[in-house]
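Engineer: Hey, can you work out the whole structure from these sequences and the hints?
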Amino acid sequence: MGQVLVNGIFLGCLFAVVAVGLTLVFGVMEVPNFAHSGIIALSAYATLEASDRGAPFVIAALVGVAAGGVLSVLTEVLAYRWVRNKPTAAPAVALGLLLVLQNSALRLYGGEGKALNTPYQSALWRVGGVSLSGVKVALILLTVVSLATLATVLAKTSLGRAVRAVAQDREAAAMLGIPVQRQYTLAFLIAGLLAGVSAIAYAPTFQVTPYMADEVLLSAFVVVVLGGLGSVWGAIAGGLVLGIVESLGAAYISSSYQSAFGFIALVVILVARPGGLLAPNARRIA
Amino acid sequence: MRRGPIGFVAALALFAGASCGSDNKTSSGGSAGATSGGSATKVASADSTAGGEGGVATVGAILSQTGIYSTLGPPEKNAIDMGLEALNATGFEVGGKKYTMAVTVADDKSDAATSGVTAFRQMVESDKVPVIAFGLGSSLYAPLLKRTPLPMINILDSTYPSILDYDPNIFLTRGDSPTYVPGCVNYAKTKLGAKTMSIITATGEPYAEGLTQLVQKSAAKEGVEIKATAEYPLGATDYGNAINQAVAGNPDAIYLSSVTAVILPVLKQLRQSGYTGPVMHSSGVNPNQAEAILGSDFNTIMKDNYDCAGTLPTTSADARTKKFADDYQARYKEYPQDLTMWAYDFPFIVAEAMSKAGSTTDREKITAALKEITVPAGTVSGWIAGDGGVMFTDRDARTPSEITVWCDAKKTIASVMVFDVKDGGVIDPTFKDDPCATV
Amino acid sequence: MTRPAVRHGLALAGIVIIGLIGYRLLTTLEGNKGQVCILVMLWTISTTGLNFVQGLAGYPSLAQASFYGGGAYISSLLLQHGHHAVVASLLGVLLTMVGGVLIGLVFARTRGQYFAIGTLFSAAVVTLVLTNSKGVTNGQQGMPVNLAFSPSLTLKLIAISVSAALALFYVIARTRFGERLLSIREDEDLAAHLGVPTARIKLMALVLSSGFGAWAGVLLAQRDGIIAPSQFTFGKGFLMFVAIGLGGYGRLLAPIIGSLLVVGLPELLDLGPGVTQIAVGLLFIVITLVVPGGIIGGLETMGTGLRRTFRRRSKGRTTSTAEALT
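Residue numbers (the numbering used here), protein chains in the order written: chain A, 2 to 287; chain B, 986 to 1424; chain C, -4 to 321.
Wrong hints could be hidden among the right ones.
Below, a list of computed lysine-lysine pairs in the DSBU-like style, where the Cα atoms sit at most 30 Å apart [said to hold, decoys possible]:
| no. | chain 1 | residue 1 | chain 2 | residue 2 |
| --- | --- | --- | --- | --- |
| 1 | B | Lys1407 | C | Lys129 |
| 2 | B | Lys1417 | B | Lys1082 |
| 3 | B | Lys1202 | C | Lys129 |
| 4 | C | Lys129 | B | Lys1206 |
| 5 | B | Lys1131 | C | Lys129 |
| 6 | B | Lys1212 | B | Lys1083 |
| 7 | B | Lys1082 | B | Lys1288 |
| 8 | B | Lys1113 | C | Lys129 |
| 9 | B | Lys1395 | B | Lys1350 |
| 10 | B | Lys1131 | C | Lys151 |
| 11 | B | Lys1288 | B | Lys1395 |
| 12 | B | Lys1206 | B | Lys1176 |
| 13 | B | Lys1288 | B | Lys1417 |
| 14 | B | Lys1083 | B | Lys1062 |
| 15 | B | Lys1062 | B | Lys1082 |
| 16 | C | Lys151 | B | Lys1212 |
Since the hints were derived computationally from the structure, they do not count as laboratory data.
Structural biologist: If you want it as structure tokens, here you go:
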């Protein structure tokens, strides 16, 4: 049981860090950013590339995070920006970007799985009957640190407050005179940096491939809805709930249907609490 | 809102125009580099100029060049290229005329149901190839084969129950799973002293599901107790729960069901979780893949690791296979996977069948000939001939089965047991006493 | 005859011609073009259904591929159990529509993107079930289908169904139901305020779309003789959704254009592994940026512009009220 819960928390942190990036973009622009999994993959490859060229892990990781930020902003500047008032057109752009990003990775690095080495990959702790590997602990820590930093930025800086305002209700924010365009770019930047963080946190437990984040992204979208669109704290809470629900379901009911448990949680929450766990806007239900 | 007639007319024109003009009827003869169609790209034969007096026989290959199985297609294509060059250096004779061979390669994008079927129709109806090599999707091509029968040679898929059951036109150039899986359980029991085992298996992945069934059967036969069969869905990235379940019963060995790209991340997390006992699988992992997927700790992760499958190019005792392995490695700078040697032999097998059939185009005759040919000269895989020296027995051609062990001192694999399987049990095992000493 | 009657007559004649062209292509094309032609026509039928809920009502349903799969699997399973072809096909469609009702009951109350994600996960669950219920569906390997229609009949049915689907869309879009769907797309709050039962209308649209999808699935199973979960993944559902976006929301011919772009182009374009997909991705982006309203929408804007220029030249600078309202 303890181990199952720890696994759930691990999964939950992974979902949360991916979902926060999605929810911000979703919130400010109503874009289902499927290209996010392409950004995660390319960030992981950037880290790998830097490592292969001899950079120490910390530097390589920073390269990966920066690459995520830059790529994400590029997707906004080159593509999403031009359809921002047409949310119905955004999915085609998202799919196009995903195809471009993933297949670029495939052409550049091939489809073979590659390992991302870390200094802490052989660490292992045992607490009671529960074993904790270094890479999982690192993922949890990286998630906590990056999301805490983000929360501080969003809460304490004027820039952050503006992003939050736009994410929660962009029409009202525009009426209040917040320069909306800058917030779009900023939201993509934050999402990209978080994509980079999730790449370096998650790749060492798995492998780097062009398709490494596809499954995670789907779960992260559940989290976005569970938590309430545009809500950062909702995404974090939703991530943990989903991680634990999926982990328990897989352990005690059926692992084949692991992601279906997330779906059931989604239906239950949408029926019981139409606003999500922590919904910032009440206009979700007719 | 209004729908103007202009849009209507333009769409109509698009609809008609976009799929009209089926202009690329290709012949199986003709010059090697010229034909091409749709999603198919061309592999020119080494001798692309003349092609002997008979011309060029063009055959097809549907491989996974992109998508999640893109680890398989590119090496297969590399090896087919090498095989073609070797074959075309001398050419082959059909009905008294000399021919060379070319292979049209199409990408199924790891989606046999859509892109694979589309490529199949292109090859069968338009390119009119007489033979197709392929990897995935046997079940999906079966109904198409019922409509237009032609020999399809699978160079990859040993899923249990056998893909050969789908259609009598399918041939398989590797030992089916039942010819090697029992080796793992037998070895675990006799050499590792295992009384119990656990299985960690992917679900929704046919190869893994077949292996799991075979391990369970084999364990029942050998009297090894299966403590747990832990499952995770294909596509999962965290295997924590399955790993807990598998190690909970303190098994003497753990068997991982599925292919290399799936089991290595499981193995990594299994070792990260603290399990140090023996691990077995049937995925044909090679040292390059181990290092690439497992990372800098690969040598410790791979410790106490046993792989039961068909013989591998590099560990083979056969000099021809070994030479192929060296050539492949020198040319493509990658360790040859098991499927490379089968892919290399594909052109030779087809050429032999065409010679026997006396035709480079008659699908029916080539199918019949495939069932009769003996092991062709020039092949490198070390095929075990069947009764009367034939290459295919019940449409399956196979190489010896072996168990390889990880040698951590040398960071590579070595053959430790070569065996055959009869009635689900291991027969004629030969062991190497100190396998790691010679590699 | 009045002008609208002439226009409707012409439109329906055009729809019949499309079916005839389609049939001609189905019976003459070979190779990958033949297969692509079949897929494009089946996707046209399926996405025409999607065009109600997504196109007219503006509600992004990502479950259309699941309905497509529902029709394919249910009809094939019924055939396997010895049911008559007609019974199996009809039940395949009806039972899938029941599935549509279930998904609709849960998610028709939700708005916009929440609806999208709800349907996306319904689709993900359907994929999981198809893959994992090995005993029933034979899992990932795919399930062989008993052919109940002759191959030539299947081709005829596909062509007829394309015309019938488009004609139904043309007619239904002009009924009160169609107008209500449009009013939801324009302004859901206003529509609700004006007494449109929005949730019920959305539910009906979703169920209607599931019927179209299911019928396309029945035909696919009969045509291919085998069905596999990979044909009906949520990824394919997302592609169907993108097809409508690329063609143009609510436009009659959007399904044809969209299907050509998302299933035809990637199969026929051949720039080498990976490069093809990159090119397709770039094309999707460029199309969307240039004509965010989809290709048909873009053509209409162009057409309207041309007509206006033409009228200005011939009639001077008079713009009719009707023109301004389009």
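Engineer: Looking back at the hints listed earlier, which ones does the structure fail to meet?
Structural biologist: 2, 6, 7, 8, 9, 16
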